[in-house]
Every structure is written in structure tokens, then in C-alpha cells.
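S.K.: Here is how the chains run, residue by residue.
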Amino acid sequence: MEVLIGITGKDFVLLTADTTSARSIVIMKQEEDKTRELNKHNLLLTIGEAGDAVQFAEYIQRNIKLYEIRNGVPLSTKAVAAYTRREMADSLRSRNAYQVNILIGGVDPKTGTPELYWSDYLAASQKMPFATQGYASYFVMSTMDRYWRPDLSLAEARALLQKCFDELKKRFIGNLPSFLIKVVDKEGIRTID
Amino acid sequence: MSYDRALTVFSPDGHLFQVEYALEAVKRGTCAVGVRGKDVVVLGVEKKTVLKLQDPRTVRKVSMLDDHVCLAFAGLYADARVLINKARIECQSHRLTVEDPVTVEYITQYIAGVQQRYTQSGGVRPFGISTLIIGFDVDRVPKLYQTEPSGIFSAWKAAAIGKSSKTVREFLEKNYKEEMSKEEAIKLTIKSLLEVVQTGAKNIEIAYMDQDAVLKQLDSDEVERISKEIEKEKEAEAEKNKKAGGSSSGVAPMQE
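Chain order of the listed sequences is D and R. Quick note: the first sequence uses our numbering, first residue 1, plus one each step. Quick note: the second sequence uses our numbering, first residue 1001, plus one each step.
To be clear, the hints were calculated from the coordinates, so they are not data collected in a lab. Remember, it's a predicted structure, so these values are computed and weren't measured experimentally. Cβ coordinates follow ideal geometry from the N, Cα and C atoms, glycine included. It is possible that part of the hints are untrue.
Unchecked claim - The calculated lysine to aspartate or glutamate pairs, modelled on EDC-like cross-linking and capped at a C-alpha distance of 16 Å, are:
{"no.": "1", "chain 1": "D", "residue 1": "K40", "chain 2": "R", "residue 2": "D1067"}
{"no.": "2", "chain 1": "R", "residue 1": "K1228", "chain 2": "R", "residue 2": "D1212"}
{"no.": "3", "chain 1": "D", "residue 1": "K182", "chain 2": "D", "residue 2": "D11"}
{"no.": "4", "chain 1": "R", "residue 1": "K1086", "chain 2": "D", "residue 2": "E37"}
{"no.": "5", "chain 1": "R", "residue 1": "K1182", "chain 2": "R", "residue 2": "E1222"}
{"no.": "6", "chain 1": "R", "residue 1": "K1187", "chain 2": "R", "residue 2": "D1219"}
As the list claims (entries may be wrong) - Which residues of chain R face chain D? A few of them, derived with a C-beta cut under 8 Å, are:
{"no.": "7", "residue": "L1096"}
{"no.": "8", "residue": "D1100"}
{"no.": "9", "residue": "K1202"}
To be verified - Simulated restraints, written as ranges between beta carbons of each label pair:
{"no.": "10", "chain 1": "R", "residue 1": "K1174", "chain 2": "D", "residue 2": "R86", "range": "51 to 61 Å"}
{"no.": "11", "chain 1": "D", "residue 1": "K110", "chain 2": "R", "residue 2": "E1184", "range": "31 to 41 Å"}
{"no.": "12", "chain 1": "D", "residue 1": "S178", "chain 2": "R", "residue 2": "V1059", "range": "50 to 60 Å"}
{"no.": "13", "chain 1": "R", "residue 1": "L1023", "chain 2": "D", "residue 2": "A79", "range": "17 to 27 Å"}
{"no.": "14", "chain 1": "R", "residue 1": "E1178", "chain 2": "D", "residue 2": "I27", "range": "18 to 28 Å"}
{"no.": "15", "chain 1": "R", "residue 1": "E1235", "chain 2": "D", "residue 2": "A79", "range": "49 to 59 Å"}
{"no.": "16", "chain 1": "R", "residue 1": "E1178", "chain 2": "D", "residue 2": "D11", "range": "47 to 57 Å"}
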């Protein structure tokens, strides 16, 4: 029932995750943050098995930070995605695989070029202009196929995201009342409405 | 009977010679000084003269362990690299399990613990380094700790390790003041290093941390400027002493 959506724009990545935390038929809270900042310009979103999602995200977060402290420079989005995929692949053929689906969004700090990576629990990974995880994919990918263009402005991307939310509200049986929306650009990571 | 061969053997008079020899190795390393002020903590290191073909940027004596903790060492560079790596992993591991950054004392205790472990195992030798660890915890109070190859650690107001550390420590004991401002603390650090660094300001590197817990480096022009200031003050002192010495020998004091 969880949803992740990512849209690349002109010089930013718009990322959103639903904020519902639920188990079986009970909604526990509506303010869950399914994102983790990996460094100043990279954001990781995770959904999946209860516990795995958070554990995996924090594990990746700490290792990316360790790299930065050791080497004095932050990792690029491509490198972060490659590293994360490698960790997922290693876990896959171990006793307890992480059952986590993720989106990684980031920009190059110098040029502002945005990058979005989709990766799943089988350690498949792909760079995409827009991507989703969860049931949302069935509804929202076609909306974005129709309306996404390269070089979207932030306002246009936010409007496209709203179209996605409306589509979900109309056609998806799961009730997702609120989303946490974040923007990653040259300035860093911030939350928007 | 040579009691200095194996690490795990005490000598009859209670010495662990390998550990003491490790301290000797530290004394051969380049000097490092730490000074704690009111809301700042300063680290000064003597930069070993970089050989002509060497890239100076790859020789780092001051290393970050985490965003808010920093380490300088004296002794065997390679040993330091291993210890710093272990400490960095521990800093992140602590954040992962406890969701809090390490306190400066915690990571010092960890590093000292590793150093001690290597004084009580078979087939290993102690780390040939002493470290100075600085940082700020959430209480925004500056911290300075020192560890030694034996695994001893303690907090200090001002400390020196490495070559001529005894001279520097005595200088610090004479000149340390409580609650120093940032400028005073930096000046004291440079002053104490100048006592022992023959080649002067260009071989001194200064790093400091304010309450915002971000490590900042003084660039070499700044260090030059402050050491020139110190030189001038020293000359003025010497002049004053000469005049005072002259008049006390019985001659009528000269008018200024």
C-alpha cells in the first residue's frame, strides 16, 4: 500500500513518499518519513518489509557518510546508486535478504544535473527520468508517460505530481491521505508542500 | 634475560618495555599541540618538510573522525591510519545503533581501548602513536583528550605530544590562561609550536573548532601573520628586559 514517486526536472529531482505507517488493517501514524538523506545532494526513499526498509536505509546512510569522512569528498548519485545496488545484491543471496524497494534521487553539486535511480529488492537498478515504487506504478506511470517532458520547472513538476495524486485518489483503493514531498537541487534537500 | 622482546612479558621491576619503546617512537614523531579555550579548541601540528617531489596535500596530520570530532597524532603515520580508520567506522556504527553522534570521550575511550588491546595480545606490537582528540559534544563545551600507546587517556586543558613535547608542555604550563578567547588560544598554540619548530611558521598547520563543531583551517598567510606578531612581541620583551637589566646594574636609568 506504500507509494514512492520521483520526477526529474530541469535542475532538480522531485521525490515523494506517502506518510502512512500501517500494519494489517491498522494505521499507526500519518507522519512517517520514508526518506533518508545520504549526503547534501542525495536522497534515498525506501518502502517494503516492515523494519527492513528503515534498517537498510540507515545502513546505507551510515556507509555513505563513512565514505565521505574517509575520503573528504561526497559520492556522486551514480556512485551511491551503484553502491546501494551492490549491497542489495549481496543481501539477496544471503540468509536474510532485505525486501526493500527504493528510489535514489540526486543532483551533481556543480552542474545541478538531476539523476533518479529505481532499484528493487532483486537488485535490479535503472536510471530513469521519472519512476515509482509500489502499487502506484500501475496508475501513475501512464500519467507521467503522457505529461512528463524534459526540463520541467519546479512548478510544472509539482503540478504533474498533483495529477498523479489525483489519479491515485480516483482509481486506487488504498487510502493515502498525505505525502511528504522533497526537492533535491544544487542548494541541497528541502521539503515542499 | 631480555624482558623487552615479547610484549606480554613484564620485567622484574614492573615495566612493559615494548610499550615504553612505543612511547619512544612517539617522541620521534613531529610535534602536535592542543589548546582548549573558552568556546574553542585548537590543534597545531608541525608539518614535516615535504620532499620536493611529494604532493603536500596527501600528507594529512589532522583527520576528521566524524563531523564534530577531530584527531591529530604523533608517531608512526601508518599506525595512525589504521587507528583512524577503526575510529571512523566506530563513529558511524555508534550513530547507526544509538542514533546519536559519539561524544568526544566515548571515541577517545574507544581508541584508547584499541591501543590497550594491542598491549595485551600475543604476536602484535603496540601502536606507535599518541593522539590528541578534539571536538564538541551537544553540550557545546570544548573537549581535548590525549591517548598514549599504553592505552591511557585523559582530558587536558592543553597538551603536547611528539618531538620536544616536554619543552612545549612546560611552555604551556607557564603560559596557559583559563577561558581564553579564540585569538588567544590560537596565538598560544602557534607560540608554543614556534618554540620547537626550527623552520618557523611555514611548517606549522593550525586547525580549530568553534561551538558550531565545524573544523576550520587557518591558511598559511594567517599563520605567518600571527607568528610575525609573536616575533615582534618577543623582540619588544627582549628590549624591555635588556633595558631593565642595564639599569639594575647601578647606572642611572635612561629617559625614554
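S.K.: Against each hint, give a clear statement of whether it holds in the structure.
M.R.: The hints, checked one at a time:
As the CA atoms of K40 (chain D) and D1067 (chain R) are separated by approximately 13 Å, the hinted pair is consistent with the 16 Å bound. Pair hint K1228 (chain R) plus D1212 (chain R) does not hold up; C-alpha atoms about 29 Å apart against a cutoff of 16 Å. With a C-alpha separation of about 14 Å, the suggested pair K182 (chain D) and D11 (chain D) falls inside the 16 Å cut-off, and the hint holds. Only pairs whose Cα atoms come within 16 Å are accepted, and K1086 (chain R) paired with E37 (chain D) is rejected, the gap being roughly 24 Å.
Note on K1182 (chain R) and E1222 (chain R): the hinted pairing holds, with a Cα-Cα distance of about 14 Å set against a maximum of 16 Å. Using a Cα cut-off of 16 Å, the hinted pair K1187 (chain R) and D1219 (chain R) holds, with the two alpha carbons roughly 14 Å apart. Hint status for L1096 (chain R): holds, given a least beta-carbon distance of 5 Å to chain D, under 8 Å. Hint status for D1100 (chain R) relative to chain D: violated, with the closest Cβ pair at about 13 Å, above 8 Å.
A cut of 8 Å between beta carbons decides the hint on K1202 (chain R): the least distance to chain D is about 23 Å, and the hint is violated. Here the CB-CB span from K1174 (chain R) to R86 (chain D) is close to 56 Å, well matched to the stated 51 to 61 Å. Checked against the hint of 31 to 41 Å, the pair K110 (chain D) and E1184 (chain R) passes, with Cβ atoms roughly 39 Å apart. Roughly 52 Å separates the CB atoms of S178 (chain D) and V1059 (chain R), a value that falls within the hinted 50 to 60 Å.
For L1023 (chain R) paired with A79 (chain D), a C-beta distance near 42 Å fails the hint of 17 to 27 Å. With their beta carbons about 57 Å apart, E1178 (chain R) and I27 (chain D) fall outside the hinted range of 18 to 28 Å. Range check, E1235 (chain R) to A79 (chain D): about 54 Å between beta-carbon atoms, so the 49 to 59 Å window is met. Between E1178 (chain R) and D11 (chain D) the Cβ separation comes to about 51 Å, which falls inside the hinted range of 47 to 57 Å.
The structure does not agree with the numbered hints 2, 4, 8, 9, 13 and 14 stated previously, though it agrees with the rest.
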